[in-house]
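Trainee: As a plain string of letters, each chain reads:
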Amino acid sequence: MIEIKKLHKSFGGRKVLDGVDLKIPEGRTLVIIGRSGCGKSVLLKHIIGLLKPDSGGVFVDGVDISRLKEEELERVRRSIEMVFQSGALFDSLTVGENVGFRYLEHGGMEKNALKERVRESLALVGLYSIEEMLPSELSGGMKKRVAVARAICTGPRIILYDEPTTGVDPITADSINRLMRSLHDKLKVTSIVVTHDMKSAYSVADRIAMLYEGRIIAEGTPAEIQHSADPVVQQFINGLSTGPITDTSSVHSGAK
Amino acid sequence: MMLRNKLSKIGAKVLAMLYFFGGLAILSGRAVRWTFLAPLKRGRVLEQARKAGVDSLPIVALISLFIGVIFTFQIAYLMQRLGSEMYIATIVALSLVRELGPVITALIVAGRVGAAITAEIGSMQVTEQIDALQTLSVSPIRYLVVPRLIALALMLPLLTLYADIIGIFGGYLICVYKLGISSTIYTKMTFDALLFKDLFTGLGKTVVFGMVIALVSCYEGFNVQGGSEGVGRATMKAVVTSFILIIATDCFFTALFYFIFP
Chain A
0 MIEIKKLHKS FGGRKVLDGV DLKIPEGRTL VIIGRSGCGK SVLLKHIIGL
50 LKPDSGGVFV DGVDISRLKE EELERVRRSI EMVFQSGALF DSLTVGENVG
100 FRYLEHGGME KNALKERVRE SLALVGLYSI EEMLPSELSG GMKKRVAVAR
150 AICTGPRIIL YDEPTTGVDP ITADSINRLM RSLHDKLKVT SIVVTHDMKS
200 AYSVADRIAM LYEGRIIAEG TPAEIQHSAD PVVQQFINGL STGPITDTSS
250 VHSGAK
Chain B
0 MMLRNKLSKI GAKVLAMLYF FGGLAILSGR AVRWTFLAPL KRGRVLEQAR
50 KAGVDSLPIV ALISLFIGVI FTFQIAYLMQ RLGSEMYIAT IVALSLVREL
100 GPVITALIVA GRVGAAITAE IGSMQVTEQI DALQTLSVSP IRYLVVPRLI
150 ALALMLPLLT LYADIIGIFG GYLICVYKLG ISSTIYTKMT FDALLFKDLF
200 TGLGKTVVFG MVIALVSCYE GFNVQGGSEG VGRATMKAVV TSFILIIATD
250 CFFTALFYFI FP
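Protein chains in written order, with numbering that gives the first Met the number 0: chain A, 0 to 255; chain B, 0 to 261.
If a hint is listed, it holds; no wrong ones were tucked in.
DSS-like cross-link-like pairs, simulated, lysine-lysine; straight-line CA separation at most 27 Å:
1. A:K68 <-> A:K22
2. B:K40 <-> A:K68
3. B:K40 <-> A:K114
4. A:K4 <-> A:K51
5. A:K14 <-> A:K68
6. A:K185 <-> A:K198
7. A:K51 <-> A:K5
8. A:K110 <-> B:K40
9. A:K185 <-> A:K110
Honestly, the hints are just simulated from the structure, not real lab data.
As the structure is a prediction and not an experimental result, all values here were calculated from the model.
Turn these sequences into a full structure, and let the hints steer you where they fit.
Mentor: Right, here's the structure in full:
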């Protein structure tokens with residue numbers, strides 16, 4: 000269970016998160032939607048402790064990770080994995096070394112067993128016999144899949160996805176959506192997906208939350224979000240260029 | 000109003016400088032802590048030692064040879080006027096071992112290796128690889144800074160020794176084949192001139208130069224902002240800052256050794 004309470008964060012005087020409250024139950028997939036630059040990735044980085052909030056807290060199984068020291072945080076992070084927007088694969092390492100990176104660094108698995116685990120993780124994302132390749136030899140979609148393979152290699156309880164379908168073609172995007180769904184069903188992980196791709200959101204979400212002006216302005220099942228009465232939500236999910244988001248003179252009512 | 004603007008600009012620069020030195024001090028403290036705290040990955044240190052040391056051998060040899068030759072010509076010009084050509088070897092050896100060798104080598108390594116370190120870590124920063132390291136419970140300081148710090152602190156004295164020998168050889172070529180000084184006299188004057196303290200002070204300070212280059216380059220890499228343009232800016236800043244700090248550190252050590260080993 001992940002709980003975010005009254006999270007505030009500013010950068011250089013600009014408020015990015017202005018009191019975010021969210022609950023993500025065990026084993027569920029929450030999709031956070033919102034415009035580019037609205038603070039979705041910042042929120043995700045708070046959940047894994049890469050950023051410290053100005054105030055408020057992020058509770059993972061009741062422990063406020065924003066108050067933990069680096070060593071304690073590293074222990075918590077062993078059950079959380081993150082798939083970065085760009086993949087963030089290590090250029091100097093092979094695909095196999097990237098996928099098995101955590102075990103290579105921290106030990107805990109014999110060499111042949113690790114090789115097998117890496118092979119299985121890559122097979123789960125539909126990639127075969129690419130262990131010896133370098134990230135620079137892969138396409139954008141393959142990099143994202145390898146990043147997912149790295150995330151699932153250790154069998155985490157929580158996976159965070161940052162814009163998993165951005166920058167890939169629609170067919171690859173659909174296969175990544177299916178992959179996230181099947182991982183959720185097979186491994187029963189708790190997932191938080193940050194995206195502005197509504198097709199992806201509807202396809203993977205148990206619940207959807209919309210972040211706007213630093214706050215969660217709407218939260219519900221995909222059907223509830225689709226039928227939301229909030230004009231901000233409607234403008235965003237329908238991808239309209241006119242409406243309260245783009246009309247700077249209007250003030251958001253805060254309706255849920 | 001103009002005075003106020005100037006004062007605020009000076010204030011901003013002073014603050015930026017304090018911020019830089021504060022950040023560098025924190026990074027240094029953490030790097031030293033991780034060096035002793037975690038088991039050392041020898042392969043990673045050797046890899047960095049190869050990149051910083053072995054791969055730098057050709058450029059260090061070339062520049063040291065030129066410096067030896069140029070310096071010998073300049074000294075010869077003066078010594079011939081004074082009629083003291085036989086002391087050319089002494090001056091060349093002492094100058095190279097005590098000062099020119101260490102500083103020139105450090106500047107070459109700062110330009111060649113330091114720039115590469117900042118560009119590599121900076122690129123990792125903008126492509127979220129540093130964040131990825133942290134999410135995988137690996138300290139970027141342990142993984143990236145410690146091997147580079149140890150490799151540069153070890154390799155710079157060795158490269159300097161190599162540069163000293165090549166530089167002296169450059170002087171030998173000019174003295175023996177151009178100025179007509181006998182090979183035996185040149186060699187004898189060189190070895191007679193050099194004391195243990197000359198070698199010790201010359202090589203000792205390069206350990207610190209190596210650490211300065213590694214820490215400044217890593218620090219600038221971690222603080223890259225703004226994509227590939229930011230990487231370029233940080234790389235330039237790392238090289239310039241390393242140059243200044245190497246000369247400032249050299250000034251400090253030269254004064255210190257002057258009083259400790261008069």
